[in-house]
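Residue numbers (our numbering), protein chains in the order written: chain A, 50 to 708; chain B, 50 to 708.
One should not assume that every hint holds.
One copy or two, it doesn't matter: identical chains are merged, so the pair holds either way.
Here are the computed lysine-lysine pairs in the DSSO-like style, where the Cα-Cα straight-line distance is at most 30 Å [unchecked claim]:
no., residue 1, residue 2
1, 554, 80
2, 92, 111
3, 111, 554
4, 300, 545
5, 653, 672
6, 421, 554
7, 510, 326
8, 554, 672
9, 513, 554
10, 389, 326
Think of the hints as simulated: they come from the structure by calculation, not from any bench.
There are 2 protein chains.
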Amino acid sequence: MEGKVVEDQDLGSHNHNHDPCVVEIAMEIHKVESPPKRSSFQKLMNRLKETFFPDDPLRQFKGQPTHQKWILAFQYIFPILQWGPHYNLNLLKSDVVSGLTIASLAIPQGISYAKLANLPPIVGLYSSFVPPLIYAVLGSSRDLAVGPVSIASLLMGSMLRQEVSPAQDPLLFLQLAFTSTFFAGLFQASLGFLRLGFIIDFLSKATLIGFMAGAAIIVSLQQLKALLGITHFTTEMGLVPVMSSVFHNTKEWSWQTILMGFCFLVFLLVARHISIKKPKLFWVSAGAPLLSVIVSTLFVFAFKAQRHSISVIGKLEQGLNPPSWNMLHFHGTHIGLVLKTGLITGIISLTEGIAVGRTFAALKNYQVDGNKEMIAIGVMNVVGSTTSCYITTGAFSRSAVNHNAGAKTAVSNIIMAVTVMVTLLFLMPLFQYTPNLVLGAIIVTAVIGLIDLPAAYQIWKVDKFDFVVMLCAFFGVIFISVQEGLALAVGISIFKMVLQMTRPKTVVLGNIPGTDIFRNRHQYKEAVSIPGFLILSIEAPINFANSNYLNDRILRWILDYEEEEETKRHSGLRFVVLDLSAVSGIDTNGVTFFQELRRVLEKKGVELVLVNPVGEVMEKLQKADGTGDLLQSHALFLTVGEAVSSLFSSMKSVSSSHG
Amino acid sequence: MEGKVVEDQDLGSHNHNHDPCVVEIAMEIHKVESPPKRSSFQKLMNRLKETFFPDDPLRQFKGQPTHQKWILAFQYIFPILQWGPHYNLNLLKSDVVSGLTIASLAIPQGISYAKLANLPPIVGLYSSFVPPLIYAVLGSSRDLAVGPVSIASLLMGSMLRQEVSPAQDPLLFLQLAFTSTFFAGLFQASLGFLRLGFIIDFLSKATLIGFMAGAAIIVSLQQLKALLGITHFTTEMGLVPVMSSVFHNTKEWSWQTILMGFCFLVFLLVARHISIKKPKLFWVSAGAPLLSVIVSTLFVFAFKAQRHSISVIGKLEQGLNPPSWNMLHFHGTHIGLVLKTGLITGIISLTEGIAVGRTFAALKNYQVDGNKEMIAIGVMNVVGSTTSCYITTGAFSRSAVNHNAGAKTAVSNIIMAVTVMVTLLFLMPLFQYTPNLVLGAIIVTAVIGLIDLPAAYQIWKVDKFDFVVMLCAFFGVIFISVQEGLALAVGISIFKMVLQMTRPKTVVLGNIPGTDIFRNRHQYKEAVSIPGFLILSIEAPINFANSNYLNDRILRWILDYEEEEETKRHSGLRFVVLDLSAVSGIDTNGVTFFQELRRVLEKKGVELVLVNPVGEVMEKLQKADGTGDLLQSHALFLTVGEAVSSLFSSMKSVSSSHG
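Bound-form chain A, shown alone (with noise of 0.2 Å):
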C-alpha cells in the first residue's frame, strides 16, 4: 500500500476536491476472504486437538515405522526406558548423593507430616517409600522429589476429621485416609488420560500464594500445640478457634517444651536462612532436621525428659508397608466425604506436583508433559494407596534441595526410598523418644517458605483485582476453611473472567498521521478522528453474554460523537467502523446484533462498516446475512485504513457532487 491514506491536512479542513492519493488507495482494496471450506466434522476434530492436544504428544510417532513406534509408546509410557540405558556411574554418584540428603529431610518430614494428617506417624515413612519408586518409572521430571507435603497433609487431616474423629476412631480414619487417596489418584490420574489437565490452571497464581500463605498459618497455628506442650487442644483449625484454645489452656503450658521447642525452632530457622542466602549450603537446611531429630532424641533419652512434661512419640512399628487393599471401602456412609477429599486434596497435590516439576524443568531446559505427569502421579497414588500410603505428590521444598544437591535423574528418588527402607527395617525403635515439639519446629519451619511475601508485592504493583483474588483466598483459608478460602478464590477468578466476557472493552480508533494505522485514541494522542467516521475496535468474542451490552455501548459511542461534532464539528456522523480483527468468534447471538445493529443505524442513516473479520466469524455471518446485507463489498473491508480512504473519497464525490 503506498501513501498516506487519509493526508493530515486533509482531517480538519473539509477539502471537498478529489484527493488523488485516497482515490488511487481505493483502487487497491483487497478483498475480505472467507476460509477454505471444511466440513462440521473437520472442524469438530480441529477444535477437539486444539482444546486437548496443544502440545501434540503423538508428533514423534509420525511416520515412524511399526516397531519403533511400539518402542517409542513403551518410552512414552515408562520414561525410565528413555534415560536408562544412557545411565551411567557419573550420573549415579550425583544422584546418590542427592538421594541421601533428600532421605535426611524426608523421615523427619515424612513424620511430621503425617501427623499433621492426624495419621499415625509410621504412615509418613510408608508414603516416603512405595510412591518415589513408581515415579521414578513413570515420572518425567528429573528433579522432584516424592513424599507426602504438608497441604495435602492439612486439606486430609482438616476433611476427614469433618465426620470421623481420629482420636476416636482411628482405624476409620485411616481407612477413609487411604481410600480419598486411592480416589484422589484416580481422579489425577484420569484427568491426565482425558486431557484435562487444563482443570489445575484455574488456580491461578494469585490464588496458590494467598491459599499457601494461609495454609502456613493454619499448619503453623497447629504445631503450637507441640511447641507449647498443650494437651487440651481444639480440633479446628481456624485462627480464632486455635488461638482461643491456646490462651484458654495457659495453664498447661509447659516451660520445658517451649524452651526446648524456641532452640530448636530458632536453629532450624538459622539454618534455612543460612541455605536462601548460600544456596551451596543447601545441605545446612536439608541436614539440620534430621540433626534436630537425633539431637533432641538423645537429649530426651539421656535427661529422662518425657518424664518431665515433654511429649514424645511413643513406640513405632517396625517393618515395611503392609497391603491397605482390604482397607479401601467404596460403599458406606462416608463415601461423599472420602470422594470430596480425594477431589480436593488431589487437585491441590496435583498442582504442587506439575508447578515444581515445570520449574524445575526450565531451570535445566527440558520439557514436562503435564497430562503424562498427572498420570504418572495418579498412579503412584493409586498404587499408594494399597500399600498403606496416604496421599503424595512432588514436593517443593525438598525438590529445590534434591535440584541443589545436584540430582541428574529420578534415581535420587530410589536412592531415598532405599534410605527409608532402611530405616523402616531397622531404625524404628530410634524414635521412640524423639518429641512431638521437635516436629512441630520442623514443620514449621517447612512451610513458612509457603509465604510468598516478594510474589505478594509483585502482584499488588501489576494487578489489583489479583490482589484482592489473593487476600480473599488468605483470609478465607485463616477465618473460614481451607476449602472454602480455596472455592472462594477460585469462584472470585472465574467470575472476573465472565465479568471480562460480558463487558468486553470498545475502543475509539484515531489515525496516526501520515500513516494508515489506526490505533486507540485514549493510549496514542496523536492519534486523531476522521470526520463523520466512528472507528470501533471490539475486543472479545461476541456471544449471549455481551451482545445487549455492545449494542448499548455503540449507542453510547455515537451519542459521545453527536455531543463531540455539536461542539467541534459540522459533519454528522457517516459510518460506523467496527474493527473485528480482535473478535476471535461468534454465536447466534452474535450474529443477531450485527443484524439488529445494522438496522439502528440505517435508521439513523449510518452505515456499519466491518473490518477483518477472522475467519469463523466471516463463516458464520455468511450462513447467518441470507440477503448478504452485511457483507455487501461496500461495508467490508481487509483493514480499517482501506476501509477509511475508500469510504473517504466516496463520501467527498457524492458531497462535492452535491455542493
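Fit chain B to the given chain A structure using the hints.
Okay, now just chain B, sitting in the frame of chain A:
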C-alpha cells in the same frame, strides 16, 4: 507509511543485498505508547462505569439547572410524566381499541394460566388488574401488555408443588405463591437498581429457544387432563410420567370432552393461523379465545353438559383484589423454596418482559432502558403480591396483539385493567359453566407459538454448539424438569465461554504480497510467511486459565515451523513475533507467561518480539518488567509490518556482514 514493507520477490529468494526500501521503512518506526497515567481509583471508577453504566443513564442530567434536574428525575422514575402531558384524543382512540382487544385475550388467558399455576382461576384475573395499572405509571415500553404468562405460571406451579400440594393445602399454596411473587419482584427491582441486569443475558438465544419449546410441550401435556377429561392425573410434569398417566387412565377418557375440546382446539388454531398469515386480521386470533369461552359456556349451560362428564370451572367469587400482605410468609419451613421459586420465576419472567419490550421498541424505533424496566416490573410484582396477584410480566403473544391493534401508549394497559375490573365486579357468575376443556385449548394455542422451528434451524445452520445447547435445554425440560433443563443449558453456555477463554486461538500470520498487511495464513491463501519469522496473533486476554496452554501451543507452533523449515527452507527461526492487538488484558499469570516465554526462546536463540500491546497490557508489562527486558525498543513495535521490516533488514545486514 510508504512502500511495500517486504518486497514480494524478496520473500522466496535470499537476497543478501540491502533493500533500500526496507531500510527506509526502518527509519519510520513508530513507538508504542503507554496510555496516560491514571490512579488506581480512577481506573476503578472507569471500570465500574463501563461495567454497570454502559448506557450512561445520567447523560441527560448533565449541565441542566437544578429544577430541571428534578423534573427530569421524576420523569425518569415515572415515564408517564413524559408522555402524559402530550396525551390526546387520537392516541386515546387507538389505545381504547387495543386495550379492549387485549382484554378479550387477557380474561380467558388469565383464568387459564392461574389454573396452570395450580391457583384459583380468579387470581389470574386479579393479576390482570393491578399490575397493568402500575406498569402504566412506571414502565417505559409503549407496547407491553402486562399480565400472567404461561412459562412463569408453569414454573411457579411446578416448583411450589415440590413441597406443598395445591389440592390438599390450597391456602398455604396460595400464600407461598404470593410470597414467591413478592421475592421475585424484590429480586427483579434489585437487579435493576443495582444495574445487574446483565444477569438475564446469560440466557442465550439458543437456551431460550430450547427452553421455551420444551416448556410449551410440558404445558400442553398438562392440558391433556382437561382435554381428555381425566380426573386422576399425575401431579408430575415430565413427558414420561404424564404420558404413562394418560395411557393408564384410558377408562377415564370422556368422549364428550374429547370431541368438544377437539372442536375448540381446531377453531382456535385456525384463528391463530389466519392472524399469522394476515397480520391485519389480528382480531381473529385475539377474539377467538373469548368467543370460545362464551360459546362453550352457553353450550354447557343450555345442555346441562356438566352432568355429562364435562368438567366446568364452578362458582367464582366476585369483587376486586382483596389485600394479601397478611398472607406473605417471611419465615418458616418453606422459606428456602419460596426464595428459589422467586429467583427463578423472577429471572424467567424478567427475560420475557425485557425481550418483548426491546423487540417492539426496536420496531417503533424508541429506546427501552433495561435496568429501568426491571425496576418497573419488580415494583409491579411487589405491589401485586400484596393485592392477591401472582407473578406477572410483559407477555409476548398479548403484546404482539396490542402492537398490531395499534396501541400507542401504556394507556391500553389501563383500558385493559378497567375491563378486567368490570369483569371482576359484575361478570364473574357467567364463568360458572365455562368448561375446563376450553381453557386447556386456549393454553395449547397460546404456547404452541413458543415452539420456533425456523429459529432452531437457523441456529443449526450458524452454530452447531449453540444447537447442542438448545437441545440440552429442550430435552432437559421435557425429561428432567423445567428448572433443571434451564440450569443445564445455562451451565453449558457458560462452560463453553470459559473453555473459549481457556483455549484461545493462536493464528499464524503471513504477509499479503505487495502490502504491509499481515493476515491469517489459513484464511488468506495468498499470505506468505517470512523466512526466519514466526508471526502469531493471540486472540484473547492472557490470564491464569490460558497462560500454560498458550505456552504449550506456541512451542508447538515453533516445532511446526522447524519441521516445515527442514523440508522446505534453509533459514532457521530467528524471531517469534506476537501480535497482541487482540489481547485485551493480562493478569499476573499473563505477565509471567511473557517472561518465561522470552527466557525459553532465548535459550533456543530466538528473539521474542511484541507488537501493539494495548494500554492495559503495556502498563502491566511495564510495572512487572523491572529490568525492561520485554519492552526493549528492538523487541516492541506498533505494527507487524514495521516489526518485520525493521528486523528483516537488521537480520540481513548481520548475515551479509558475516557472509
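>> For a quick check of understanding: which of the numbered hints are violated here, in increasing order?
In response: Going through the list in order, the structure violates hints 4, 10 and respects the others.
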